[in-house]
Each structure stands twice: as C-alpha cells, then as structure tokens.
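If you're matching positions, the sequence shown starts at 273 in the working numbering and goes up one per residue.
Among the hints, erroneous ones may be present.
What the hints assert, rightly or not - Label-pair distances were calculated between CB atoms; the ranges are:
(1) Leu292 to Ser394: 31 to 39 Å
(2) Ala553 to Asp515: 39 to 47 Å
(3) Gln430 to Leu398: 21 to 29 Å
(4) Phe476 to Lys385: 55 to 63 Å
(5) Lys385 to Ser356: 50 to 58 Å
(6) Met346 to Lys408: 28 to 36 Å
(7) Asp515 to Ser460: 20 to 28 Å
(8) Gln430 to Ser357: 25 to 33 Å
(9) Ser460 to Ile511: 47 to 55 Å
(10) Glu387 to Phe476: 49 to 57 Å
(11) Ser281 to Gln537: 35 to 43 Å
(12) Trp276 to Asn513: 30 to 38 Å
(13) Trp276 to Lys408: 28 to 36 Å
(14) Trp276 to Val546: 50 to 58 Å
Since the hints were made in silico from the structure, they are not lab data.
Where is the CB? At the ideal position from N, CA and C, for every residue including glycine.
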Amino acid sequence: MNNWWSALSLKNKLQIPIQLILLVIMLSAQRWAFEQFESRLLMEAEGTAKVTADGVINGLNMLMINGIIGDVEMRKLYIKKMGSSEKVEELRVMRGKAVQDQFGPGLPEEQAKDELDKAALSSGKLQSKLSREVGKDVLRVVVPFIAMKEFRGTNCLQCHMVPEGTVNGAASITIDLREEYALISKASVWLWGGQLLVQIFLFFMIGWIIERVIHPTKELQQIMAKMQTDGDLTKRVPIHNTDEIGQTGMAFNELAKNFQTIVGQMHGYAEQVVNAAHSLASDTANIVSGSQSQSQAAAGTAAAVEQMSVSIASVAENATQVAKLSTESMVRANKGQTSLNEMMGEIAQVESAVRMMADSVSAFVKSTQTITSMTQQVRDIAEQTNLLALNAAIEAARAGEQGNATCRADCNRCKAARSTCRKSQRFWCRPTMR
273 MNNWWSALSL KNKLQIPIQL ILLVIMLSAQ RWAFEQFESR LLMEAEGTAK VTADGVINGL
333 NMLMINGIIG DVEMRKLYIK KMGSSEKVEE LRVMRGKAVQ DQFGPGLPEE QAKDELDKAA
393 LSSGKLQSKL SREVGKDVLR VVVPFIAMKE FRGTNCLQCH MVPEGTVNGA ASITIDLREE
453 YALISKASVW LWGGQLLVQI FLFFMIGWII ERVIHPTKEL QQIMAKMQTD GDLTKRVPIH
513 NTDEIGQTGM AFNELAKNFQ TIVGQMHGYA EQVVNAAHSL ASDTANIVSG SQSQSQAAAG
573 TAAAVEQMSV SIASVAENAT QVAKLSTESM VRANKGQTSL NEMMGEIAQV ESAVRMMADS
633 VSAFVKSTQT ITSMTQQVRD IAEQTNLLAL NAAIEAARAG EQGNATCRAD CNRCKAARST
693 CRKSQRFWCR PTMR
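Build the full structure now, drawing on both the sequences and the hints.
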C-alpha cells in the first residue's frame, strides 16, 4: 500500500482523497436528503390520516346526535364512504373498552386486531407503522379518540359515561404511498445521475485547479533534473506567485546561486593549486638541476682531492728519500760546521715551505674532511723532516771535517728537498689563487 501510494504523482495524491471525501459527502448528503424527504412524506401521510380520522369522528358524532349511530348498515356505509378517499387504502373504526362496556362489542371489524391497535387504545397516543413490500408501500396510522368536554363543539361526556381523557376508540387508516416512493425512486435515479455528473465535473475542475497549483513544482522538478543532467548551475526557476511554492522556488534559486558561487570559488582555488603545482614542479626541476651541478662539483672536488693525494704521496716518497740521504749524511759528516749552518738555513726554508703547504692544506681542510686527513699527514712529514734535519745537524757536528764532503751531498739533497717543497707549494697555492 505504501509503495503504491508513494509511486503516485502529487496531483493524484491530492485528487484521490478529495474525490473520496466528496463522494462520502455527497452520499451522506443524498442519504440525508432521502431521509428528510421520506420523513416529510410520512409526516404528510400522518397528517392525511389525522384529517381522515377527524372526519370520521365528526361524522360519527353527527350520527350519534341524530340517533342513527346504532344503525349498523348506516354505520358501515359511512365508514365505506370515508374509506374511499384518495390515498386511503383501508379505514377501520374500533371501540375502546369503555364503549364496549357501555354499548356492547359492536361489529367484528370494530375490534382491535393487532398490537398497533391495542397500543393506541391503551396509551391514547397516535401509533404509526410503515410497511414496504414488493409493489406495496403503505403507512398505517392509528388515531385514538379521547373523551373530552369540548371536542370541536361537542361534549363527549354527555353520551359516554366515562371520565374525561378516557380512550373511547380509535381509527386505523392505511395510506397508500406507492406513488410517493416511486417518486422517491425516480428522484434517487436523478440524484445519482446528478451526483455522477457533479463528481465528473468536480474531478476535472479540481484536477485543473491542482494542475495550476502544482505546475510551479513541475517546473522546479524539471529545472532540477536539467541541472543534474547538464551540471549547469545558471538555470533558475521562474517565479509566478509568492505563495509557499513560489517561496520554495525563490529559496531554490538562492541555493543554486550560492552553489554557483561556491563552485566558482572552488574552480579558482583549483586553478591556484594547479599554478602552485606547476611552480613546485619548476622549483623541483631547479633543485634537481642544482643537485646535479653540486654533484658534478663534488665529483670535480673528489678528482682534485685524488690528484692531491697522489701529489702528497709523491712528496711523502721524496721526503722519505731525503730522510734516508740525511741519515747517510749524518754518518759520514765529521766536519762542516759552516756548511751545516748553511744547510740549517736551507732546512729552515724547507720547513717554512712545508709550513706554508700545511697552512694551505689547513685552509682547504675547512671545506673537505678528507683533505684534512691528508694535510695532517703532510704536517707529520714536515715534523719528521725537522727531526731528520736536527739529527743530521747533530751527526754532522760529530762527523767533523769528514762532513765537508757529506755536507756537499747534503746540500744537494736539501736542494732536491727544497725543489720538492716548491713544487708542493705551487700545487697547494694553485687552488688558493683561484
């Protein structure tokens, strides 16, 4: 049931309940109209029965005043004539207990026949009963006759020896209602037909009104569907009025406008992100290029360090040879104090050159840890050279005059060492000059 109802359109959801409510209202109204018509019909029939009963009692009073009421045939004829009135199907007059006690039981048809007669005689109130059978629609009314001192100019108590208010008898009148009920049936057909026409008219009329009312909602739904399909946030719902639906359309337009603004901002942010990404990529490329340049510079530095290591190794080898030659000089030198002094000066120059080389190496060590280690080795070699020179001087002093020849050889060796130192100095000073 819920799925069926939820699948209906808004128009049908409004149309179906309205039509059902109208159907119930019209059926109730038709039922009420029939009941009112029937009630009025029965009231008119009861009025006709009362008028007939009044005519009967008035005629019986005249018969009684004239002294001919005891004539049975005359009484029958009178009842028959009164029963021949229009719409009267049957007329009977019955005697109450007080009249029977005073004047006798009367004719058989003047006796109470059923409970309706007895109820009217015992209660003194009008009784009625509607009987509807196939081809026979009748209303039976039993009107009681009450003994009164003044009943339309007649004192009932003069003839009837009863207390006032006693029920002397009653008249049973059966009214034919076939024409009236036939008219009701015909009216029912016309009412059903009219109701059907009205229902059809209201169906289309209400449907047209509902269509006019919900048309803006259809436009809203179509715009939303197009926006979903095309992704176009520039579409807007046309506003025809300012009712709830119109306000909903205006709210939707504002919402779409806000969405459009947000999407535009997001697009701008996306462009900024793309630009930042491009910039980042460019910076990354620059960093990569710089890294490559640094890598190449580091490779060049490594090559220079390697070349320097080779030169230092050569210096170390030459220094070793100098140490060996100095040792031999110290063994042979006996003399040559003067030559030793000159050699000491040259050794001092060598030491100064070595120290300059050490200073250059120290400056380079500050940027390269590997060169620091090599410079330390050069310093060690310089210190060993100083020690060797000192030892050579000591040995030369001991050698005496024998050291003259050796001194000359040592001078040659010192020259060779000095030449080596200059070469080293030129090697280490070259980067500094750059």
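Discussion item. The hint says 35 to 43 Å between serine 281 and glutamine 537; measuring C-beta to C-beta, is that right?
Written reply: At 38 Å between Cβs, range holds.
Worksheet item: Okay, glutamate 387 versus phenylalanine 476 on CB: inside 49 to 57 Å?
Response: Given a distance of about 55 Å, which is inside 49 to 57 Å, the answer is holds.
Fill in: Cβ separation of tryptophan 276 and lysine 408, checked against the hinted range 28 to 36 Å
For tryptophan 276 and lysine 408 the Cβ distance comes to about 48 Å; the hint is violated.
Worksheet item: So the hint says 50 to 58 Å: do the beta-carbon atoms of tryptophan 276 and valine 546 match that?
Response: holds, 52 Å
Discussion item. Given the hint of 21 to 29 Å, is the C-beta distance from glutamine 430 to leucine 398 inside that range or not?
Written reply: holds, 25 Å
Item to complete: Evaluate the given range 20 to 28 Å for the C-beta pair formed by aspartate 515 and serine 460.
Response: violated, 42 Å
Worksheet item: Per the hint of 50 to 58 Å, is the separation of the Cβ atoms of lysine 385 and serine 356 within bounds?
Response: violated, 21 Å
Discussion item. Taking 30 to 38 Å as the stated bounds, is the beta-carbon spacing between tryptophan 276 and asparagine 513 within them?
Written reply: Distance hint for tryptophan 276, asparagine 513 holds at roughly 32 Å.
Worksheet item: Taking 47 to 55 Å as the hint, is the beta-carbon distance of serine 460 and isoleucine 511 inside that range?
Response: holds, 50 Å
Worksheet item: Falls inside 31 to 39 Å, the C-beta gap from leucine 292 to serine 394?
Response: violated, 50 Å
Discussion item. Taking the Cβ atom of alanine 553 and the Cβ atom of aspartate 515, is their distance within the range 39 to 47 Å?
Written reply: Because 57 Å falls outside the window, the suggested range is violated.
Worksheet item: Range hint 55 to 63 Å: satisfied by the CB atoms of phenylalanine 476 and lysine 385?
Response: holds, 58 Å
Violated hints, in rising order: 1, 2, 5, 7 and 13; the structure is consistent with all others.
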